[in-house]
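Chemist: Position one of the sequence shown corresponds to residue 1 (our numbering), numbered consecutively onward.
What you were told as hints is all true, and nothing was included just to trick you.
With a straight-line Cα cutoff of 27 Å, these simulated DSSO-like cross-link-like pairs (lysine-lysine) come out:
1. 171 / 217
2. 420 / 383
3. 273 / 173
4. 273 / 171
5. 420 / 462
6. 383 / 462
The set of hints was computed from the structure by calculation and includes no laboratory data.
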Amino acid sequence: MNMKQKPILRNILSVFMIMLGTWSLQATHIVGGEMNYTCLGNNNFEIQLTVFRDCFYADPRAFFDDPAYIGVFNSNNQRVRQLAFPLLTNDTIPAILSDSCLFVPNDVCVHTTTYRGIVNLPLIEGGYQLAYERCCRNETIMNILDPLNAGAVYNVFISEESLTECNNSAKFKDWPPIFVCVNEPIDWDHSAIDVDGDSLVYALCTPLSGGTQADPKPVPTNNPPFDQVVWNEPAFGLDNLLGGTPLAIDPQTGQLTGMPTVMGQFVVGVNVKEFRNGEMISVTRRDFQYNVGECGEVEAAIVAPQVQCEDLSVSFTNTSLNADAYLWSFNDPNNPGAFSTTEEPTFVYADTGTYTIRLISSTKTVCRDTSYHTVFLQRNSMKADFEVDVLDCLDNSTLNVSDLSIDSVSAPAFWDWQLKVDGELAATSNIQNPVFNIEAPASVELTLSVTSENGCVDGTTKSFSADLNDPGDDIESEILVCIGTETQLNPDYNPDLTYQWQLNPLFDDLSSPNPTVIANEDIDLQVIIRDENNACSISKTVQIRVAEIPAINAIPDQFILCEGESAQLNATEYPNLVFEWSGNGLDDPSSDTPIATPSETTTYTVNITDINQNNCGLSKQVEVVVNPNPDDVLASISNDAIICPGENLALNPSDAPNFDYNWFG
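Generate the whole structure from the sequences, applying the supplied hints.
Modeler: Here it is as structure tokens:
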């Protein structure tokens with residue numbers, strides 16, 4: 001039994017690719033040929049000419065010649081006779097491969113015929129050359145140049161020795177296979193038989209070319225010498241006829257070996273030389289065409305889902321090659337004997353799970369192949385969800401959509417977004433996180449249908465509004481700042497926007513969304529605001545205005561009071577001011593004219609802010625000096641004092657400050 005099981009699939013590729021259908025291609029037909037002779041005695045020789053033609057692509061009108069004209073030439077290449085052999089029969093050569101489970105493509109077809117005739121060849125000096133020429137070769141031959149204009153010449157040399165000794169030419173035993181497999185070794189016996197027992201030497205040779213498209217079968221036959229075909233160098237040549245491992249022939253055994261790695265048609269020439277007593281007495285040559293392609297064989301192949309969601313019915317597609325019988329096994333534990341011989345069955349499983357299906361594809365012979373396919377059946381685990389960040393920009397809006405879908409079994413893989421604006425379909429998308437731009441204001445409905453890697457599907461729809469909005473509204477058009485005070489220009493900035501400020505003397509980071517400034521004078525700043533997709537871009541002028549500072553009137557730097565006295569502190573006469581005094585002994589710390597009655601010298605501080613000028617303001621300090629009562633000072637001076645001569649006396653030892661003293665005596 002010859003059984004082949006392969007886990008991978010290969011496609012049959014014909015060496016001829018496609019049939020071009022043009023006259024130039026169909027007019028071609030020569031595939032190969034050879035000529036040999038048999039000595040019958042009395043100078044009579046049977047000449048045998050074998051010709052091979054393409055019977056698939058050739059024009060039916062380019063059939064075998066009837067008759068075939070053969071020229072007979074002497075050693076000086078002069079024509080001495082012209083022979084005409086009638087067409088007898090023809091046959092189709094089977095394309096046979098060594099492996100019975102391999103198949104040749106249907107477009108490989110070769111016809112052959114053999115012409116025979118008897119001719120009397122008197123002994124002449126140098127012997128004879130017999131030649132048949134015919135055009136044209138297959139246009140698709142790859143290893144020679146201009147094959148459509150390269151015909152063929154099949155000839156044989158009958159030497160003077162062959163005439164005198166009644167020699168028989170060597171005859172090749174078999175015709176080479178018309179089809180060989182790419183990337184498979186060639187190992188074929190190309191030997192010949194010589195009934196006379198002469199020594200034979202084999203060699204590859206360059207085929208001869210004869211005839212033209214204008215004169216495909218010259219009558220009479222053209223005189224030698226004949227041209228050779230021109231190899232398509234450097235890719236091909238006599239040392240590399242097929243590409244890949246070079247084709248070679250053993251000169252002693254005639255064993256032909258090589259490994260083609262290029263698919264196509266290639267012409268090959270082989271000759272065999274006869275030696276008798278060390279002298280060459282005859283040469284027989286042939287050329288033939290190798291068709292190199294991928295060999296078909298029985299190959300089982302299954303096409304079916306790898307994963308299926310919410311569906312226990314599985315349909316199988318059969319893509320097997322070169323098979324005509326099938327056996328399916330479904331591996332269902334709930335139905336262990338389930339099988340089918342249908343070419344493409346459908347099977348319903350009882351439950352979710354993982355199942356391995358087996359397909360055996362076979363022919364009516366012993367050739368077969370097995371393929372396996374695993375399918376996972378599951379319940380729907382997909383949950384569709386998304387969120388939308390709406391960026392309104394003047395009269396249009398940008399919708400930044402973020403997919404939040406999850407699947408506990410397999411990841412989301414395909415998204416179908418349908419956006420309706422005011423009830424009409426406005427846009428679609430298949431990316432995970434799309435961005436839509438629409439005119440505003442509008443009523444928006446966004447629908448998502450999401451599919452997981454396992455084929456599970458879920459959907460959801462959300463509705464919202466797109467409104468008229470100016471992203472620049474977050475920044476005040478006019479900002480009142482206090483002189484010398486730090487101020488943030490955009491503390492409530494939108495993190496989804498970018499800001500680019502014009503060059504200015506207040507700050508260096510021109511891309512800051514919320515720069516901090518200290519201004520001493522009025523200034524106008526320009527800023528360009530954009531969203532991350534550049535769908536929204538506006539320019540805005542921000543006016544920086546420095547607030548007026550209220551004046552403080554009628555407050556001296558210092559008051560002097562006697563103990564128990566009071567003073568009225570007067571800050572300013574401007575309205576809309578807020579006062580905040582600090583210090584002990586004030587009757588109203590929030591008054592613009594509080595009454596201060598300190599018990600001791602006290603420094604009072606007043607903070608004044610203008611509620612109409614961004615609460616800008618200033619501070620002022622007033623010192624209230626409290627002096628002792630004068631009577632208490634006089635009481636501290638003694639009325640009498642006794643001193644010795646030469647001593648000093650301090651008349652006012654307490655030296656109370658802030659008093660004027662007038663002494664008498």
